[in-house]
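**Student:** As a plain string of letters, each chain reads:
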Amino acid sequence: MATLKILVVDDEPGIRSGVTRILRNFRVDYPFMDEAFEFEVLEAPTGEAAIEIIENNIPDIMLLDNKLPGIQGIEVLEYIKKKQKNIVVVMITSYASLELAVKATSDGASDFIPKPFTPQELKSSIENITKRLFLKNMTNKLQDSGKQIRFTFLSVLSHELKAPLNSIEGYLKMIKDRQAGPKLEDYDVMIDRSLDRIKGMRNLILDLLDLTRVESGKAKRNVTEIDLFKIARTAMDTMRPYAIQRDVTLKLNGTSPLFIQGDAEEIEIIFNNLISNAIKYNKDGGCVDCNIIEIGKDIIIEVKDTGIGLSSSDIEKIFDDFVRIKNEKTKNITGSGLGLPIVKKLIDNYAGKIEVTSIPGQGSTFKIILPINKS
Amino acid sequence: MNPSNKTILIVDDDQDYLFQLQTKIQNFGFKTITADGQKEAEELLEKVKPDLAILDLMMENEDSGFILCYKMKKKYPDVPIIIATGVAAETGISFDIHDESNRKWIKADCFLDKGIRSEKLKEEIDKLLVKQA
Numbered sequence: 001m002a003t004l005k006i007l008v009v010d011d012e013p014g015i016r017s018g019v020t021r022i023l024r025n026f027r028v029d030y031p032f033m034d035e036a037f038e039f040e041v042l043e044a045p046t047g048e049a050a051i052e053i054i055e056n057n058i059p060d061i062m063l064l065d066n067k068l069p070g071i072q073g074i075e076v077l078e079y080i081k082k083k084q085k086n087i088v089v090v091m092i093t094s095y096a097s098l099e100l101a102v103k104a105t106s107d108g109a110s111d112f113i114p115k116p117f118t119p120q121e122l123k124s125s126i127e128n129i130t131k132r133l134f135l136k137n138m139t140n141k142l143q144d145s146g147k148q149i150r151f152t153f154l155s156v157l158s159h160e161l162k163a164p165l166n167s168i169e170g171y172l173k174m175i176k177d178r179q180a181g182p183k184l185e186d187y188d189v190m191i192d193r194s195l196d197r198i199k200g201m202r203n204l205i206l207d208l209l210d211l212t213r214v215e216s217g218k219a220k221r222n223v224t225e226i227d228l229f230k231i232a233r234t235a236m237d238t239m240r241p242y243a244i245q246r247d248v249t250l251k252l253n254g255t256s257p258l259f260i261q262g263d264a265e266e267i268e269i270i271f272n273n274l275i276s277n278a279i280k281y282n283k284d285g286g287c288v289d290c291n292i293i294e295i296g297k298d299i300i301i302e303v304k305d306t307g308i309g310l311s312s313s314d315i316e317k318i319f320d321d322f323v324r325i326k327n328e329k330t331k332n333i334t335g336s337g338l339g340l341p342i343v344k345k346l347i348d349n350y351a352g353k354i355e356v357t358s359i360p361g362q363g364s365t366f367k368i369i370l371p372i373n374k375s
Numbered sequence: 001m002n003p004s005n006k007t008i009l010i011v012d013d014d015q016d017y018l019f020q021l022q023t024k025i026q027n028f029g030f031k032t033i034t035a036d037g038q039k040e041a042e043e044l045l046e047k048v049k050p051d052l053a054i055l056d057l058m059m060e061n062e063d064s065g066f067i068l069c070y071k072m073k074k075k076y077p078d079v080p081i082i083i084a085t086g087v088a089a090e091t092g093i094s095f096d097i098h099d100e101s102n103r104k105w106i107k108a109d110c111f112l113d114k115g116i117r118s119e120k121l122k123e124e125i126d127k128l129l130v131k132q133a
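Quick mapping for you: the protein sequence lines, in order, are chains S and C. Numbering follows this note's numbering, with no gaps: position 155 of the first sequence is 155. Numbering follows this note's numbering, with no gaps: position 110 of the second sequence is 110.
One thing to keep in mind: the hints can contain errors.
Below 20 Å or equal to it, Euclidean Cα-Cα: the simulated PhoX-like pairs (lysine-lysine) are [claimed, not checked]:
1. LYS317(S) to LYS122(C)
2. LYS344(S) to LYS283(S)
3. LYS75(C) to LYS329(S)
Pair ranges (Cβ atoms, derived) [as the list claims (entries may be wrong)]:
4. CYS110(C) to LEU161(S): 25 to 33 Å
5. LEU209(S) to VAL130(C): 45 to 53 Å
6. ARG202(S) to VAL130(C): 21 to 29 Å
7. ILE205(S) to GLN26(C): 45 to 53 Å
8. VAL130(C) to GLU35(S): 28 to 36 Å
9. ARG178(S) to ILE116(C): 16 to 24 Å
10. LYS47(C) to SER158(S): 50 to 58 Å
Rather than coming from a laboratory, the hints here were simulated on the basis of the structure. Every residue gets a Cβ at the ideal spot worked out from N, C-alpha and C, and that includes glycine.
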């Protein structure tokens, strides 16, 4: 059990004793904390008394009224800022003007509790602050001991590359030890899974090459006048065998040709990724529509599928490296988790935007907005 | 100890690793139940109390194994938990579990590398089950 010191600065004795009473048996405990927190409340009736306490016995949290008999709350706050004391300050105030609030915030107040407050309001504010303090301490501790868990690109990458190797190695060992008995066909599933994992790993490596190209290859960019429809058709032809397997119809809509200044390979990577996703996350017998239209100064490319769709929380994550949406429906779909991050980075190169709309169970639409650059 | 009376919960989001580990543990003679993520494991734990659990670390989130471990220890404090991880070798992060403060934070009984040999795994499982009994 850890204890946080809370200093309540208020000239009303009722508020001080109230806070002490409310927090006396209050505990904050979250699953991720290794211990619960309780609170020790110190009281100061004036700003001057508060400063004296801070000098001798620095609190973790301060509940500060602005309207005090001597120096005002805001001056106590300035003092803390000047002395660089590490205290989380919550203003408790009955009539905070906007001006005061702005000033207090810029001087480091992190929260406001309007007076009068209910025990619940006080508790939830303290709970939030405790959580924040805990996480801050945790981060500091990790940094201090050099153990900060940084799931950087490379560490995740090595995980992603090692996982299929481990899995294939595991199957080979099982086969070597004849762990499924003497019948050869009992090993088919292990061989198939191994082949799948090898395929996944190859795709990851291909995606990595794309990514390296995107991130380092500015000098190698080959920008010419290219026809978006031609590139879209190439991408569709590449994906067609896969679409046929899934009985997914591919359609390209719009008035061909449409020329832009761009790097053909880059644009093809964009189409390849979006179209292959649209097939991969589709339903058997579904449909992929690729629309290319010029609207005003923009070109809109839409890739629309009739697949499993994405929740709004999924959409927030899908452009981050190595993120794969894991649920019952995506369980057997393999992917590197790099496709969309690559698409996003490429579109950034063209000063474009990508937007996603989706209805879970009905399908997703990826919409790219490219400003026309006809040099 | 009769292994066939003992049920081991295995949680891993890599279906191949899950299958391989399950086969291994069944070959030791134990009963197994499996889940492919933190959420499914939590649902399973509402219905079943295993005798031991082996959890992967990085599943839905990079710390799913820790969270699951914590929750499981709250629900069934007496069930030993092994966290199987490749993280240490892959990311350069080492969780020194002999260090008291880390042990307190992570709360697992044992950390094993995913590439561990079968005999060694069996040994660790037996050790934990004997301690529990």
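**Student:** With reference to the structure, classify each hint as holding or not holding.
**Tutor:** Going down the list of hints, with the structure as the test:
Between LYS317(S) and LYS122(C) the alpha-carbon distance is near 39 Å, which puts this suggested pair outside the 20 Å criterion. Between LYS344(S) and LYS283(S) the CA atoms are separated by roughly 25 Å; this puts the pair beyond 20 Å, and the hint is violated. Pair hint LYS75(C) plus LYS329(S) does not hold up; C-alpha atoms about 30 Å apart against a cutoff of 20 Å. The hint said 25 to 33 Å for the Cβ distance between CYS110(C) and LEU161(S), and at roughly 26 Å that hint holds.
Checking the proposed 45 to 53 Å range against LEU209(S) and VAL130(C) shows it holds: the Cβ atoms sit about 51 Å from each other. Between ARG202(S) and VAL130(C) the CB atoms are about 45 Å apart, so this pair departs from the stated range of 21 to 29 Å. The beta-carbon spacing between ILE205(S) and GLN26(C), approximately 34 Å, falls outside the hinted interval of 45 to 53 Å. At roughly 30 Å, the beta-carbon separation of VAL130(C) and GLU35(S) lies within the given 28 to 36 Å, and the hint holds.
The supplied range of 16 to 24 Å is met by ARG178(S) and ILE116(C), whose beta-carbon atoms lie about 21 Å from each other. The hint said 50 to 58 Å for the Cβ distance between LYS47(C) and SER158(S), and at roughly 37 Å that hint is violated.
Hints 1, 2, 3, 6, 7, 10 from the list above are not met by this structure, while the remaining hints are.
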